[in-house]
Structures are given as C-alpha cells and as structure tokens.
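Peer 1: Since chain A is already given, all that's left is putting chain B on it; use the hints.
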Amino acid sequence: MLKIQDITMIFGQGTINEKKALSHVTLTAEAGELITIIGGNGAGKSTLINCISGVCSPQSGKILIDGMDVTPLPEYKRSRYIGRVFQDPAQGTAADMTIEENLALAYGKNKPRGLHRGVAKKDTLLFKDKLAALNLGLEGRLKQKVGLLSGGQRQALTLLMATIAKPKLLLLDEHSAALDPLAAKQVLAMTARLVEEDHLCTLMVTHNMRDALTYGNRTIMMSEGQIVLNISGKEREGMTVEGLVQLFEKKVGTELNSDRMLL
Amino acid sequence: MTLIALVGSLELGILYAIMALGVFISFRTLNTADLTVDGSFVLGAACSAVLTAAGYPLLGLLVGLLAGMGAGVLTALLTTKLKILPLLSSILVMLALYSVNLRVMGKANISLMNTPTVFNTLHLSFGDAAKFDATKLVVGLAFLLIVMTLLFLFLKTKVGFALRATGDNQHMVRACGIDTDRIQILGLALANGLVGLSGGLIAQYQKFTDVSMGTGMVVIGLASVIIGEAIFGTRPLLRRLCAVVLGSILYRLVIAFAFQLGMPATDLKLVSAVIVTIALSAGLLSKPLRKHYHAKDKGGAQNA
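Chains as they are written, first to last, in our numbering: chain A, -1 to 261; chain B, 164 to 467.
Treat the hints as calculated values from the structure; they're not laboratory data. Among the clues, some could well be false.
Calculated Cβ distances over 12 Å to all of chain B for the following chain A residues [unchecked claim]:
| id | residue |
| --- | --- |
| 1 | 53 |
| 2 | 91 |
| 3 | 100 |
| 4 | 102 |
| 5 | 106 |
| 6 | 169 |
| 7 | 249 |
Straight line, CA to CA, 20 Å or less: simulated EDC-like cross-link-like pairs of lysine to aspartate or glutamate [to be verified]:
| id | chain 1 | residue 1 | chain 2 | residue 2 |
| --- | --- | --- | --- | --- |
| 8 | B | 244 | A | 235 |
| 9 | A | 18 | A | 222 |
| 10 | A | 109 | B | 344 |
| 11 | B | 246 | B | 392 |
| 12 | B | 319 | A | 94 |
| 13 | A | 1 | A | 98 |
| 14 | A | 60 | A | 4 |
| 15 | A | 126 | A | 137 |
| 16 | A | 126 | A | 73 |
| 17 | A | 75 | B | 342 |
| 18 | A | 164 | A | 178 |
| 19 | A | 75 | A | 64 |
| 20 | A | 143 | A | 98 |
| 21 | B | 319 | A | 121 |
| 22 | A | 128 | A | 98 |
| 23 | A | 17 | A | 222 |
| 24 | B | 319 | A | 98 |
| 25 | A | 126 | A | 86 |
| 26 | A | 143 | B | 344 |
| 27 | A | 109 | B | 342 |
| 28 | A | 119 | A | 137 |
| 29 | A | 166 | A | 67 |
| 30 | A | 143 | A | 73 |
| 31 | A | 1 | A | 67 |
| 32 | A | 75 | B | 344 |
| 33 | A | 109 | A | 121 |
| 34 | A | 143 | A | 127 |
| 35 | B | 246 | A | 73 |
| 36 | B | 244 | B | 344 |
| 37 | A | 166 | A | 178 |
Don't be surprised by glycine CBs; every beta carbon is placed ideally from N, CA and C.
Here chain A stands alone, though its shape is the one from the complex (with noise of 0.2 Å):
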C-alpha cells in the first residue's frame, strides 16, 4: 500500500543551518497495518509524516501508494489518497464554519467542486449517522460553528473528516498529544475503531510509549533520520516501555533522555 524508498530530507541545504531530518529512510506499510512512530525530538518523525504528505519534498527518494508513485505530486493532489490529522486541534478544521460545512468540503475530497449546493439533503443524513456513531453528541450541532468545540471534539471531527472519503492512507501527527487524558483516549480508540472499520493503512507519531505499544500491530522508533527499530508480532506483543527503552539505547548507543517519552 505505502512504501517509502531511501528518502532523504536536508532543510537549508548548503547553508549553515543545514540539518539532516531523514536520512535514508525506507519503509513498506500494508493495508490494515497500523504503525506506531516514536522517537525523540528533532528524529525526524514528523518530517517523515510531512513528506509522505507532501508538505515537505526530499531531496532523494521515493514515495509510492498503492503502486502509483506520488512523489512529483503538490501536497493537495495527493490528500485525495491520504487523511490527515495534526498534533493542533485547530489545524485540521475551519473554526469559522459549521461542523455539517467543514464535513462536507472533506467529503468532497474525490468529487469535481462545481456551482453545486455546498451541503447536499442525502449527505446530511450520512454526516449525522457518522457522528452519532462519535458518541460526543455532535449529530445535533451541525449547524454550529467548529470554533465552540472543545479540543477533542475538534479532533475528533478532525478524524471523521478524515476518513470520511475512504482514503487509502491515514497520516496522524501526534494527534492526541494537545489533548487531555480523558480526551486523548477517547479519540485513541476511535482511531483504532476507524482504522479497523476502514481497514486502512495509518503512520501514527506518538510520544507515548504505551500508547505506541498498546495501539497497532507495529511500532518502529526513530532517531536522527533514521529508523533505528522495527518491531512486530511476538516480540511487540511481549514488549514493555522499560524493554523498549533499553533496547532503543541499545541501538543508539546513548541514553534516551527524553522525559516526554517515558511519560
């Protein structure tokens, strides 16, 4: 479904600010396959997810989905293939439209955007059933402005609208980290629920090692550029977040310092 052939990243080439954020990387993910990324900051797990998005363009290297290489393409021509939610509630939705408007230019993702009616009666009813199915009471606000909802529920919205048009790829940045307990794990499980229900392929960036053991059928970790551990099956099923740190020391070869991590 995804694969990612030696990609490489250098922002301010030649300058020097020059830094290495993707070194190499090669990755092949599955349909289905829910990945979990951790690692700590600066190892370049967001700029991975940004280039799979094309937010950013490596210097080397190739991104291919389902087989079609995407890699010339600018970032909007490829999220008809890829949803996506980012780390700030307030980046994945228009707080100045309501939550049936914001819905509906999502699921326009595949359709031609002519003079139609923005919000079409037989897409209303399909909205509501989507959302009720969220559990957060939001079937009955669609006329309300995204900007009088609480973080989860913007994030929450955030990922209806992200799957709502049947991508083949679903890109999370740290979506749960801006969250509160409660909240973060609430929209957890409703990206495994969706993730199952769609069967899609999704790259989660966590900074919480549980949360990357507990989700998914896979965890890799990262480290300047580079993945440094791939695991799955038996050996992730048997992993605990004190195994994980002491074999990512391990492979680095330093000690992981990061307290956000561990938390």
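Peer 2: Using the frame of chain A, we list chain B on its own:
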C-alpha cells in the same frame, strides 16, 4: 439634513456597497488585506467612463468588472506563483494600475456631462418628475440586489465553501484536496471584479472620473465591513452580507452628517482613517474597560 442630501448618501452607499462586498471577500473570506482595491476601483471607473463616453454605458460596466477581475488575478499570481507577500503584491499591482488607468483614460480625468449613462437611460419618477427622481436609487438597488443574490448563492456552493475555508485554515483546505493557490486567484478575481463594477457605477453616477479617485478606497471598504458587522451582526451569512451593505450606507450617512456639521471636505480621508482605526481596535480597546467593569462587579459582590 435635507431630503436630497439624505437620498444622495443612500445612493452613494448602495453603489459603494458593491465595492464593500468585494473588500468583504478579500478581507473576511480570504483573510488578506488587499490594497489592489485602490487601483481596481479606478480601473473599473476608467473603463466605464471611456466606454460611456463612446456611447456604451452597459458595456462599460461589464468591461470595468472584467478589468477589475484581471487586476485581482494579477495580485493573486504575484502572491501564489512568485511568492511575494500578499500585502506587497497588492501594493505593486495598485501602483502599476495608476499608470494603466492613465493610459485607459488618456488624461487625468473624464467628464460625462450630457452623456447617457445607466442612470438616465430610463426614467422612473414618482408624481411630479421634478420633485423626486428615483431612477438612480432604483438602478443602483437593482445592481446591488443582483450582486448580493449571486454572491450569497455562490458562497453556499462547494467552491464557495472552499473559498471561505481558505481564509480560515489553509492547512485543512489542502488536506481536503483543494488547490489553495487557485482558490486565492478565484477569490481575489471575484473581490476586485466587484470593486471594478462599483467603480464603473460610481463613474457613471457622478459623471466624473479622476485618476486619483481610488485613494483610500480600501479603507472605506473596510470601514463599511467593520461598522456593518459590529452593528448588524455576522450570523448567518445572509445577515452578514446585508450588514456590509448597511455599513456602507451608514458610513455615507455619517460622512454627510459630518459635512453638514461643517467638516471641511479635505479632512475626509483623515476622518475615514480614524474611523477604521477605532473600529479595528474596538475589541482590544473594550477589553480593559470590560475588565474594569468585572472587577467592579466582583468588588461590589464581595462588599455586599
């Protein structure tokens, strides 16, 4: 205020409201301060004046609208393709348009005295023709209603949604598979098209076009948007559009009233700038006041 002065302000308010709706699109919907308006307003007026003088007043309005759209497209291209800051792009186009407008007009001003315009081709007078001629009011209102209806319907379409969301959150719009560059081009074209149309109407209404008549036009548009929204509200969308129109009319009435009180015409731009400054900072300025009141309330409650 005399009835004639009142009706005059109303007529001007209605015609300038079309320009204010254009500013509403760029300032509120696309969330950019688009100074192209100062140039595209005159461009619309210039096209309209030249063609009216040649005997084609309606064609003049259409060409004014299209020329304004072209100016908007140019500004958007500078922003999206050449990556020039939006504000700077619009200043560059505004500057360039000054020369373009002089070329279109051939001289610094055009007078349309004794020339048929859209405002005197038909005659609608009530009772005694000399008493009250409603032609200008009716024609202006007709143009405004057509523009408002089309704009309202457009903002409710899928493309309209994309336009509104682009000013709100570009990340989200791109994540929804929409090319934000194209939406910005479309939005500025629409905005400046309306400004051009408004300029064209004003040229025929006042029968006089001057190359510098656009100076500060964007500020007047902003004043209309901000005053209208503050007084008449922003929700739902139809109400907001009406608010912008009413804001434009109100602005004209305030100006007329100030003239009545003896304000010299030369102070007009200064007063406009002050009005917009106060309106833009109203939220900020009222905060300390509100805090002050709250503090008082709490203090009062504790004392009681």
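Peer 1: Does each hint hold? Answer for all of them.
Peer 2: Status of each hint after checking the structure:
For residue 53 of chain A, the non-interface assignment is contradicted: its Cβ lies about 8 Å from the closest Cβ of chain B, within the 12 Å cut-off. At the 12 Å boundary, the C-beta of residue 91 of chain A falls inside the reach of chain B, the nearest C-beta of that chain being 6 Å off. A cut-off of 12 Å between C-beta atoms contradicts the statement that residue 100 of chain A is not in contact with chain B; the least separation is 8 Å. Its closest Cβ contact with chain B, about 6 Å, brings residue 102 of chain A to no more than 12 Å, contrary to its assignment away from the interface.
Non-interface call for residue 106 of chain A relative to chain B: violated, since the shortest CB-CB distance, roughly 6 Å, does not exceed 12 Å. At roughly 10 Å, the least C-beta separation between residue 169 of chain A and chain B is not larger than 12 Å, which violates its mark as non-interface. Distance to chain B confirms residue 249 of chain A as a non-interface residue, since its nearest Cβ pair spans about 34 Å, more than 12 Å. The suggested pairing of residue 244 of chain B with residue 235 of chain A is violated, with an alpha-carbon distance near 50 Å, which exceeds 20 Å.
About 8 Å separates the Cα atoms of residue 18 of chain A and residue 222 of chain A, which keeps this hinted pair within 20 Å; it holds. Using a Cα cut-off of 20 Å, the hinted pair residue 109 of chain A and residue 344 of chain B holds, with the two alpha carbons roughly 19 Å apart. Restraint check for residue 246 of chain B and residue 392 of chain B: not satisfied, since their Cα atoms lie roughly 32 Å apart, outside the 20 Å limit. Between the alpha carbons of residue 319 of chain B and residue 94 of chain A the distance comes to roughly 14 Å, so the proposed pair stays at or under 20 Å and holds.
Taken as a hint, the residue 1 of chain A and residue 98 of chain A pair is broken in the structure, with Cα atoms around 34 Å apart against an allowance of 20 Å. Of the supplied pair hints, the one linking residue 60 of chain A and residue 4 of chain A holds, its CA atoms being roughly 7 Å apart against a limit of 20 Å. Restraint check for residue 126 of chain A and residue 137 of chain A: the C-alpha separation of about 5 Å stays at or below 20 Å, so the hint holds. With a C-alpha separation of about 29 Å, the suggested pairing of residue 126 of chain A with residue 73 of chain A is violated against the 20 Å cut-off.
The straight-line distance between the Cα atoms of residue 75 of chain A and residue 342 of chain B is roughly 8 Å, inside the 20 Å bound, and the hint therefore holds. A distance of roughly 28 Å separates the Cα atoms of residue 164 of chain A and residue 178 of chain A; the hinted pair therefore is violated under the 20 Å criterion. Taking the CA atoms of residue 75 of chain A and residue 64 of chain A, the gap is near 15 Å; set against the 20 Å cutoff, the hint holds. Of the supplied pair hints, the one linking residue 143 of chain A and residue 98 of chain A holds, its CA atoms being roughly 9 Å apart against a limit of 20 Å.
Annotation: proposed proximity of residue 319 of chain B to residue 121 of chain A holds, straight-line Cα distance about 15 Å (limit 20 Å). With a C-alpha separation of about 11 Å, the suggested pair residue 128 of chain A and residue 98 of chain A falls inside the 20 Å cut-off, and the hint holds. The straight-line distance between the Cα atoms of residue 17 of chain A and residue 222 of chain A is roughly 10 Å, inside the 20 Å bound, and the hint therefore holds. Between residue 319 of chain B and residue 98 of chain A the alpha-carbon distance is near 12 Å, which keeps this suggested pair within the 20 Å criterion.
Taken as a hint, the residue 126 of chain A and residue 86 of chain A pair is broken in the structure, with Cα atoms around 25 Å apart against an allowance of 20 Å. For the hint linking residue 143 of chain A to residue 344 of chain B, the alpha-carbon distance of about 25 Å lies beyond 20 Å, and the restraint is violated. Between residue 109 of chain A and residue 342 of chain B the CA atoms are separated by roughly 14 Å; this keeps the pair inside 20 Å, and the hint holds. With a C-alpha separation of about 15 Å, the suggested pairing of residue 119 of chain A with residue 137 of chain A holds against the 20 Å cut-off.
With a C-alpha separation of about 14 Å, the suggested pair residue 166 of chain A and residue 67 of chain A falls inside the 20 Å cut-off, and the hint holds. Only pairs whose Cα atoms come within 20 Å are accepted, and residue 143 of chain A paired with residue 73 of chain A is rejected, the gap being roughly 27 Å. Using a Cα cut-off of 20 Å, the hinted pair residue 1 of chain A and residue 67 of chain A holds, with the two alpha carbons roughly 9 Å apart. As the CA atoms of residue 75 of chain A and residue 344 of chain B are separated by approximately 12 Å, the hinted pair is consistent with the 20 Å bound.
Proximity of residue 109 of chain A to residue 121 of chain A is assessed by CA-CA distance (about 13 Å); at most 20 Å being required, the pair is judged to hold. Straight-line distance between C-alpha atoms of residue 143 of chain A and residue 127 of chain A comes to about 19 Å, which keeps the hinted pair within the 20 Å bound. Between the alpha carbons of residue 246 of chain B and residue 73 of chain A the distance comes to roughly 17 Å, so the proposed pair stays at or under 20 Å and holds. Restraint check for residue 244 of chain B and residue 344 of chain B: the C-alpha separation of about 8 Å stays at or below 20 Å, so the hint holds.
A threshold of 20 Å between alpha carbons decides the hint, and for residue 166 of chain A with residue 178 of chain A the separation of about 29 Å lies outside it, so the pair is violated.
Comparing the model with each earlier hint shows violations of hints 1, 2, 3, 4, 5, 6, 8, 11, 13, 16, 18, 25, 26, 30, 37; every other hint is respected.
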